[in-house]
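Chemist: Chains as they are written, first to last, in my numbering: chain A, 676 to 943; chain B, 35 to 366.
By construction, these hints were calculated from the structure, which means they are not laboratory data.
Since the model is a prediction, treat every value here as computed from it, not as a measurement.
Heads up, some of the hints might be wrong.
Listed below are the simulated SDA-like cross-link pairs for lysine to any residue, each with C-alpha atoms no more than 20 Å apart in a straight line [unchecked claim]:
| hint | chain 1 | residue 1 | chain 2 | residue 2 |
| --- | --- | --- | --- | --- |
| 1 | B | 76 | B | 162 |
| 2 | B | 76 | A | 757 |
| 3 | B | 84 | A | 801 |
| 4 | B | 84 | A | 741 |
| 5 | B | 84 | A | 874 |
| 6 | B | 76 | A | 712 |
| 7 | B | 84 | B | 338 |
| 8 | B | 84 | A | 867 |
| 9 | B | 76 | B | 313 |
| 10 | B | 76 | A | 694 |
| 11 | B | 84 | B | 157 |
| 12 | B | 84 | A | 876 |
| 13 | B | 76 | A | 927 |
| 14 | B | 76 | A | 939 |
| 15 | B | 84 | B | 356 |
| 16 | B | 84 | B | 315 |
| 17 | B | 84 | A | 768 |
| 18 | B | 84 | A | 733 |
Okay, here's what each chain looks like letter by letter:
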Amino acid sequence: MIYIVVALPAEARPLIARYGLRDRPAGTAFPVYRNAGMALTVSGPGKIAAAAAAACLGSGGPATGTPAWLNIGVAGHATRAIGSGVIANRITDTATGTNWYPPQLLDHAISSGSLRTVDAAEIGYPDDTLYDMEASGFYPTACRFSTAELVQCFKVVSDNRTTPASGITARLCERLLDGQLASIDRLVRRLTDMARDYNAWHAPHPELDRLAGCWHFSVTQQHRLRELARRWTALAPGQPLWDAELENRRNAAEVLQCLEHRLAAIGF
Amino acid sequence: MYCTIYIEDPVTDHPRTREILDRFPRASRVACHRYGEVFNPKAQDFRLQKHHPALILAHKHERRVLPAPAGYGIGDGRAYYFSHLLNCLYDCRYCFLQGMYRSAHHVLFVNYEDFQSDIGRLLEGAGGTDCWFFSGYDCDSLALDPVTGFTGAFLPFFAGHPRARIELRTKSTQVRGLLRRKPLANAVIAFSFTPEEIHRSLEHGVPAVGRRLDALVRLHQAGWPVGLRFDPLIYREDFRQQYRRLFRQIFTRIDGSRLHSVSLGTFRLPRAYFRNIARLYPDEPLFAGAFTERDGMLSCQHALEQDLTGFCTGELLRYIPASRLFPCAAAA
Numbered sequence: 676m677i678y679i680v681v682a683l684p685a686e687a688r689p690l691i692a693r694y695g696l697r698d699r700p701a702g703t704a705f706p707v708y709r710n711a712g713m714a715l716t717v718s719g720p721g722k723i724a725a726a727a728a729a730a731c732l733g734s735g736g737p738a739t740g741t742p743a744w745l746n747i748g749v750a751g752h753a754t755r756a757i758g759s760g761v762i763a764n765r766i767t768d769t770a771t772g773t774n775w776y777p778p779q780l781l782d783h784a785i786s787s788g789s790l791r792t793v794d795a796a797e798i799g800y801p802d803d804t805l806y807d808m809e810a811s812g813f814y815p816t817a818c819r820f821s822t823a824e825l826v827q828c829f830k831v832v833s834d835n836r837t838t839p840a841s842g843i844t845a846r847l848c849e850r851l852l853d854g855q856l857a858s859i860d861r862l863v864r865r866l867t868d869m870a871r872d873y874n875a876w877h878a879p880h881p882e883l884d885r886l887a888g889c890w891h892f893s894v895t896q897q898h899r900l901r902e903l904a905r906r907w908t909a910l911a912p913g914q915p916l917w918d919a920e921l922e923n924r925r926n927a928a929e930v931l932q933c934l935e936h937r938l939a940a941i942g943f
Numbered sequence: 035m036y037c038t039i040y041i042e043d044p045v046t047d048h049p050r051t052r053e054i055l056d057r058f059p060r061a062s063r064v065a066c067h068r069y070g071e072v073f074n075p076k077a078q079d080f081r082l083q084k085h086h087p088a089l090i091l092a093h094k095h096e097r098r099v100l101p102a103p104a105g106y107g108i109g110d111g112r113a114y115y116f117s118h119l120l121n122c123l124y125d126c127r128y129c130f131l132q133g134m135y136r137s138a139h140h141v142l143f144v145n146y147e148d149f150q151s152d153i154g155r156l157l158e159g160a161g162g163t164d165c166w167f168f169s170g171y172d173c174d175s176l177a178l179d180p181v182t183g184f185t186g187a188f189l190p191f192f193a194g195h196p197r198a199r200i201e202l203r204t205k206s207t208q209v210r211g212l213l214r215r216k217p218l219a220n221a222v223i224a225f226s227f228t229p230e231e232i233h234r235s236l237e238h239g240v241p242a243v244g245r246r247l248d249a250l251v252r253l254h255q256a257g258w259p260v261g262l263r264f265d266p267l268i269y270r271e272d273f274r275q276q277y278r279r280l281f282r283q284i285f286t287r288i289d290g291s292r293l294h295s296v297s298l299g300t301f302r303l304p305r306a307y308f309r310n311i312a313r314l315y316p317d318e319p320l321f322a323g324a325f326t327e328r329d330g331m332l333s334c335q336h337a338l339e340q341d342l343t344g345f346c347t348g349e350l351l352r353y354i355p356a357s358r359l360f361p362c363a364a365a366a
């Protein structure tokens, strides 16, 4: 699953079309468009809006699994060419001076650079960095729902010293995003693959629900059960936890004891 | 090799930084104030990062040279360790670094001269007592040597301080730099080994046992003091055959009586590190056995541990004099 946060409807439109996303009224403050493996929300401009939209999307997320996250939008830069795509390797909140460093494990065919989130549009471009208005709200919020490697920001340059921000229109935003769909596609694929691997590593044992449905496990017992199931998967891969011997146990304590005996029999 | 290099502001202009950056002209360079901003945040996944670690160039401000953990020493004298590098090129499933750090990025402290000043001060304070300095505690001493220039910077320093002894602990075959140098009597190159079967299942990216052995023999023939490290010893049901085979493989290539030292220690981890690693690799059988806790350390059952250590000690003593064998105190 991948969650995408964009600021503007114009930034959303090329993505909605590319991924066949459908408007799914979610009863939340932000519009959400979905397909089976993706959810996109439109936050409106500004870091607070981006943080709120990410929180909304994350808290209404899938019951299991850790999603990947992508913030996509336009940004300014002093000298980079209009239309070029950049992945953020450092995000700075200008107001507070806080920095974040999204781990760069992805496609290095895409150029990377630093990104400053500002509270008002930056027209002087004083530093060699991208300027946007959302990333510092999006990134730390998304990291609460995922691991940092799966949270990235991708920006398309919309303005620079020779082409000022005053010339940005919804049409231009759409065209700029449209021109970077190949890179976005690659990012989405790589992030989704990484999230799939990550979730496979951390997936709970598939029979845990069945066991929890048959006996009452206290919270402590649930922890023990999960740990025993983990060890069972590692030591007896592919072998079911559930068997006739387990079925006859009268309560959770007996189930745990039975599993412990079974693991002890496997040895070290 | 590195696609991203983070550079701490204070070392931007350090000559070693410039040299390393020149080696990786295509890497993205990211400035940071302190390496901890990149290395320490929560919500990082060591396992994901291990596939594509970045390099962080940093300045080590304090606590550069520390007393070695109990049982880490070999022989007489005071024992210290220092880490110019955090994390390792290799991916050994039993390694405690996976449980200790949140990030798999490689942190290189480029201010070697400060490490050397600290070592010099400790030697002055030791009043003529021999001191050991272990360099391979938080990293492999040699695996990244072509990038870090570690031996090129530190061996000349130790050549000038004969009362100081350095151990370079490694699983690497990066010995060309050493072979180009005059051997030092106070520098021991210590190679870590596990049996082939364990190497194949747990030591990802590590050169094969035979290749490491080749490197060890070449150094030995060139006159370098070399040592063997069997730490951790890993329990397997057929450990007797596995370790007997490994020792035979090694000691048919090298005369045990001419080794500087041999040390061994069983697999053990602090509880918190164990929990972190088991979370990272829930399906790894190594972390699924029945471990027991003693003094905050998790290890395999005491009887099995004693069986393993006793057997390996006995086998090793067939090849080496007892005076060269140093069981790690925790395994003794």
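Chemist: Compare the structure with each hint and give your call.
Modeler: Verification of the supplied hints:
A threshold of 20 Å between alpha carbons decides the hint, and for residue 76 of chain B with residue 162 of chain B the separation of about 45 Å lies outside it, so the pair is violated. Taking the CA atoms of residue 76 of chain B and residue 757 of chain A, the gap is about 35 Å. The hint is violated against a cut of 20 Å. Proposed proximity of residue 84 of chain B and residue 801 of chain A is contradicted: the alpha carbons are some 36 Å apart, above 20 Å. In summary, the hint linking residue 84 of chain B to residue 741 of chain A is supported, as the alpha carbons are separated by about 19 Å, within the 20 Å threshold.
A C-alpha spacing of about 16 Å is found between residue 84 of chain B and residue 874 of chain A, which places the hinted pair at or below 20 Å, so the restraint holds. In summary, the hint linking residue 76 of chain B to residue 712 of chain A is not supported, as the alpha carbons are separated by about 26 Å, beyond the 20 Å threshold. About 32 Å separates the Cα atoms of residue 84 of chain B and residue 338 of chain B, which puts this hinted pair outside 20 Å; it is violated. The hinted pair formed by residue 84 of chain B and residue 867 of chain A meets the criterion: a straight-line CA distance of about 18 Å does not exceed 20 Å.
For a cut-off of 20 Å, the pair hint linking residue 76 of chain B to residue 313 of chain B stands: about 15 Å separates their Cα positions. Proposed proximity of residue 76 of chain B and residue 694 of chain A is contradicted: the alpha carbons are some 32 Å apart, above 20 Å. For a cut-off of 20 Å, the pair hint linking residue 84 of chain B to residue 157 of chain B is broken: about 37 Å separates their Cα positions. Restraint check for residue 84 of chain B and residue 876 of chain A: the C-alpha separation of about 14 Å stays at or below 20 Å, so the hint holds.
Simply put, residue 76 of chain B and residue 927 of chain A have alpha-carbon atoms about 34 Å apart, too far for the 20 Å limit, and the pair is violated. As the CA atoms of residue 76 of chain B and residue 939 of chain A are separated by approximately 35 Å, the hinted pair breaks the 20 Å bound. The suggested pairing of residue 84 of chain B with residue 356 of chain B is violated, with an alpha-carbon distance near 39 Å, which exceeds 20 Å. Simply put, residue 84 of chain B and residue 315 of chain B have alpha-carbon atoms about 12 Å apart, close enough for the 20 Å limit, and the pair holds.
Between residue 84 of chain B and residue 768 of chain A the CA atoms are separated by roughly 28 Å; this puts the pair beyond 20 Å, and the hint is violated. With a C-alpha separation of about 26 Å, the suggested pair residue 84 of chain B and residue 733 of chain A falls outside the 20 Å cut-off, and the hint is violated.
Violated hints for the displayed structure, listed by number in ascending order: 1, 2, 3, 6, 7, 10, 11, 13, 14, 15, 17 and 18.
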